Amino acid sequence: MMSESKKALVIGGGVAGIQSALDLADMGIKVELIEKKPAIGGRMAQLDKTFPTNDCSICILAPKLAECYRHPNITIHTLAEVKSIKGTAGNFEVEVFKKARYVKEDACINCGLCAEKCPMRVDDEFDRELRKRKAIYMYYLQGVPAVMTIDAEKCLYLTKGACRLCEKNCDRNAIDFEMKDSTIILDNIGAIVVASGYSLLEDVNKKFLNTYGYKKFRNVVTALEFERLLSASGPQSGHIKRFSDEKSPKKIAFLQCVGSRNERLHNYCSSICCMYATKEAMIAHEHDNDIESYIFYIDIRAGGKGFQDFIQRGVNEYNIKYVKSKIAQVYIDKEENPVLTYEDLDSGEIKQLTVDMVVLSTCITPPKDIKDLSDSLGIELNEYGFIQTKPYFPIETTKEGIYTCGCAHEPMDIPRSVTEASAAAARAAELIKGGSY
Amino acid sequence: MSIINFEFRDEVIKHNASLSYCYQCSTCSGGCPVALITGGSYNPRKIIEEALLGLEDWLLEKQEPNVWICSTCQKCVELCPQKVELTEIFTLIKNKAFIEGKCPEGFISQGESVLNHGIAIPYSPAIMNRRKKLELPEVNPAPPEEIKKLLKETGFESNLTRWKEKNVV
Amino acid sequence: MKDTKNENEDIRIGVFVCHCGSNIGGLIDCKKLAEYARSLPRVAHSEDNLYTCSETGLSSIKKAIKEHNLNRVIVASCTPRTHEPLFRECISEAGLNPYLFTFVNIRDQCTWVHMKEPDKAYEKSKDLIRMGVYRAAKLEPLEKIKININPTALVIGGGVAGMSAAISLCKQGFKTYLIEKEKELGGRLRSLHRLFPHDIDASELLNKFYSEMDKLNNLIVYTSCTINHLDGFIGNYQVELEKEGELINIDVGAIVVAIGSEVLVPNGLYSYDGKKVITQLQFEEILKLGQVNAKNLVMIQCAGSRNDDIPYCSSVCCMTALKNAIVCKELNPDVKITILFRDIYTPGTFYEEYYRKARENGVVFMRYTSDKPPIVENGVVKVHNQYLNRMIEIPNDLVVLSTPLIAREDNEFLAKLLKVPLESNKFFLEAHVKLRPVDFATDGVFVCGTAKWPTDISESITQGQAAASRAGLILSHETMEVEGATSYLPEHNKDLCKGCEVCIKVCPYKAIKKNEKGEIEIIQALCKGCGLCGASCTKKAITIKHFTNEQILSEIKALGGEVA
Amino acid sequence: MSYDLFLGCVIPARLPFLEASSRKVFEKLNINLHDVDGFSCCPDPTGIEQIDHKTWLVLGARNLSLSENGNDGIISFCSGCVETLKGVNYYINKDQVTKEEVNQMLASVGKNYDGKTKVKHFAEVLYENLEKVKENVVKPLEGLKVAVHYGCHYLRPSEIINWDDPFEPITIDEIVKAVGAESVDYDLKLECCGNPVEKSDKDLSLLMIENKLKAIKASGANCVVVVCPACYQQFDFKQREVSKHSGMEINFPIFYLSELVALAFGYSPIELGFNFHRVKPNQLLESLDLL
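Protein chains in written order, with our numbering: chain A, 7 to 443; chain E, 1258 to 1426; chain X, 1417 to 1980; chain B, 1156 to 1446.
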């Protein structure tokens, strides 16, 4: 029988990790939440809207972020990564590496004065490098904790030893260049939930995207980049413009199964692309009713609740045309309009379609650093590079007391991630407070 | 109306198992230069689908689409997400068609030359001359009888003869 | 806590105007707004902060409450959706009743929507603050309602989802009733042969569950048992069960719905006869016995689904067809199998590979479109092959139809009983598709498995565990607080009520009923304070706490400029 | 370095001037090309193989068996020959049964092949010796705007050819730059020249080269470089017909890669036999004073 005082460790502050943490915390269990980035929120925070109801992603996520932050049972560790664990199910000891933020969380009120003065302009990771930020920055507008962060690799003072303008301009003395990276020990951990999320193809293999002209043709973007462009808080404030000529696109092509269902790269199906492509086409159409979209697919995969209706609405109300033909290569014409060659199954003809923009539905891949994480946790990965789980029990990893949820073990949508997050919380709770049965 | 023919299908798969993996995504047809120029009357995907359904008559008799105008550029092979070896499968189909005597004349003349001379283009006196002018060494190709012997072994000679019988002009 | 109830106490309001960084302060002058606020009646203090929600902002609110002896607090800033709990917490830490806090949203409703017109945004902000001030004056302290939680769970349905939920709840330490209307637990698993994608026998998994449950001494299982009647609310449900004629009454704190689904019987579809044309479920029976006589077999996907009557994709049929095809090929590799599909649904890692495995094992796949469905004739299936744009004939001696999972008849009855909604296909409708996938909008009731939507075994198990988590987090509290801002029928209004029952009809939370005395009774624990009843009460008998007519009217008057 | 030279059929018997430039280049680079007696047709991967895979395997294996000596393997000036010889190696080493069948037949003429002969395309060897190539340049080909045509069989199937990237090749562009010329990018750069289709559909074949030439014209290139005799004939011999058919004045000198390199090495157009080209390069070379 476990002691009630045991805590839970949740790795990953995306929607899955947050849900696990909240469930456990609401059960009265103390939770340590580890997030690699400067703020929790994960992928969902980057999305403009979410299928199949198309409600604003951040608007439904933000309350959960705040709840997580205020919850007396939850301790959030940002800029943190698990280094190693000791012990067994019911009693783990975890070594966590914390990067210095160089900003005092209790003092900073993210007024942004420091960033105004910062001389460094660097690519904004959250906005998929579609715009610049300063070396001292908010990870994203609604980020939690709502404090600034200094990018140690880019900060002029930390790299060249001169500047400290941010410090001079902070009237709350929140900047602290004396901060050091540190290692903390979290002990008395009863169970661990791994919700480390996913990477996208463009993060792990840009070369494969060359045949699609990605990074070569300016009017070819990936789906997450397009999502940022659609977002009101994104680089184009939601008014999509082509990077080649600032014109607003009228004809957009979405190419499905980019990198997935492919024996040369990732032989699995990325699960969510048919739906997110449809969603993005819908939002684009809502912004500009003249926009027509083409979705080039192999099989339309819409099995979730309300998904078929969603696809139907796409056809009937949003001027989306689904073309059953996989596109292999993208060329451009003189005006940098992407030109696609495809087979029209109905007529059997080979046709060419000139569009204003191409959106690549790049597949979900195992997170970049999943190998390090699995090694330090002592859990196994499966043949696809995701976390190995037990047949018919997708929450169980290969190590007792360590559970997983969300895209860490397989590509999946938000509803299933959230469901698994609660399931993982249940299993962790059994271990921590159960035993009396 | 065609009837699915599992025997022929299995025969092709026995020769090249990669056929069975095709899920008809149209990558090949969308990437094929010949399909583009012929507006789709040539279509590698359709040939593969016919093979999958074992439609022998369409592949060997009607030859629709015409497998012979594949340029063997191998783009489809490189692009196929399921690693289906299209050109190899087409080769098998063409080989079968040749045995049936259904093959363009252009392939026959080359075959005959190799059968009789061991090489595709015999050396003309003019060329011999030109080689001298260019100070090129003399070439001693394979002894024709050795090659002929081998082509008997492989059955090439008899297939060639059969083709000529079936295509007397 | 200060006595703020006394009528003649003097109202002392504090107004805090937030810059919200540049969100508000960047467009309008927050200092001037604060000054304006101080000019309003009963405002004892006002100030502007860069971020009122920051630690600094909060501490200065507390400070002001002490120094200026404030008993009402207004924050003019962003949105209550994200920040009201924070400020309520803050003022109660300073000793005020949390319901004496008023939120005025001058960001979303002013500086954001009127970005282009700063002056108008400023004027509107003044109006909203003035309204807030007059409302605040009328506010009354409220107490949250405390209810006791009975740490016992009821799981309805003994399929794989229900069993998973029950097992987890027991392991979390909660006494759990698991009821199943069939004679045995197991649900759909009992009629299945092999399971995709790991190809184990269904019985193997079933036994795993049985042995798990044997270990639990806080699990009470009733088979051949149905639910008759249910009463109560979160933490306090009284349930009447019926087992083989005998009535059993139990009290539980939370309920999990896991009653599964049915498989469509394709009467009139593709000349279905149960002999030469059968369903996948019937085919599993044949495979179980290992007696496949067919030499040439055709499977038709989306048989009865993705059409006008059943518009959805049943999501498990493709994998089921692949599984049975593979199993069949293992029994006899010479059996020719052709699967006619519209879109192969094999998402994720193992499923997509399973599809490849089926192709590898020689299964033929042919796509058809809904406008040209296959024609099943005696001994032959004719289908328009879209890939060749040609009719193809497939001689066969057995046709297997992949029919969808459909909602159970009982769903409607249970939905009424539990006061929870169904969606258009009669499956149970969760509280929020994405963020509350196993909750109902009604607290204390949860749903999992195919009762909610067609799902495979693994996801049903996961959903069961998820429901156990959501139920568990309620059961782990001895008492719970529910919203104090609810509707009620004040004593002095009782005689106004003529019992027209409009309120009962409009209440979306089924929180209002007539008691045995025929009086309207509002169950506070169920009420969400939405106000529908109050607004529709023909006799104005019902009052909504925290949104009393008086409070709302004072706001409206203030907007009109009438000064009370 | 020493290779057994596999000439194939087309170059020695129809385009000997291509052989001349190639031999000169390797002489300059002091890479020994050893002539071997008794080679037959490779056979043509777009010809014989298409009608009889087995014959193709056996003759190919026979040719490879002739080179089992101390040398660095076989070098060929022809992409078709290279594909055949690499391909035969691939199939023979992939499947023991095939290997045995093939050797059974070879036995009938007293031959045997162990599957070990290495095969290289001459451009492959040039790229591997890129520095040496640069060192030997005496006349940088400034002003030549070259449209590089890789040709299919130099690249694909990559699993068999196992050399340059099948869709983003660089080797020939690099060699072209190494001799001081400019490589001009153009649409359809990686598309087929259409030569193999000629056996079954002349018009189609012509259409394919026409599209290539049009794209090249649009790119502003002033000449084309190829590494395969089939492509060479398609480009050089068909231009007049294409001009007629398209009503578009098309007049591109077609260089073999070895010719460009030899030219940069200081050999004269005469010794390289440029006069045997259908489209005469001299005018262009003169205008850039590369004569």
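These are computed hints drawn from the structure, not numbers from a lab. Careful: at least some of the hints might be erroneous.
Said to hold, decoys possible - Pairs of lysine-lysine, BS3-like flavour, derived with a Cα cap of 27 Å:
id, chain 1, residue 1, chain 2, residue 2
1, B, K1209, E, K1319
2, X, K1973, X, K1930
3, B, K1344, E, K1340
4, X, K1659, A, K396
5, A, K213, B, K1344
6, E, K1405, B, K1266
7, B, K1183, B, K1435
8, B, K1294, E, K1390
9, B, K1179, E, K1390
10, E, K1406, B, K1179
Predicted, not measured: the structure shown is a model, and the values here were computed from it.
Here is what the structure says about each hint:
1. K1209/B x K1319/E: Holds. K1209/B to K1319/E sits at ~25 Å (cutoff 27 Å).
2. K1973/X x K1930/X: violated (36 Å)
3. K1344/B x K1340/E: Holds: K1344/B and K1340/E sit about 24 Å apart, inside 27 Å.
4. K1659/X x K396/A: Answer violated: K1659/X to K396/A is near 36 Å, above 27 Å.
5. K213/A x K1344/B: holds (19 Å)
6. K1405/E x K1266/B: holds (15 Å)
7. K1183/B x K1435/B: Between K1183/B and K1435/B the Cα gap is close to 25 Å, so the pair holds against 27 Å.
8. K1294/B x K1390/E: holds (25 Å)
9. K1179/B x K1390/E: Measuring from Cα to Cα gives roughly 15 Å; hence the hint holds.
10. K1406/E x K1179/B: violated (37 Å)
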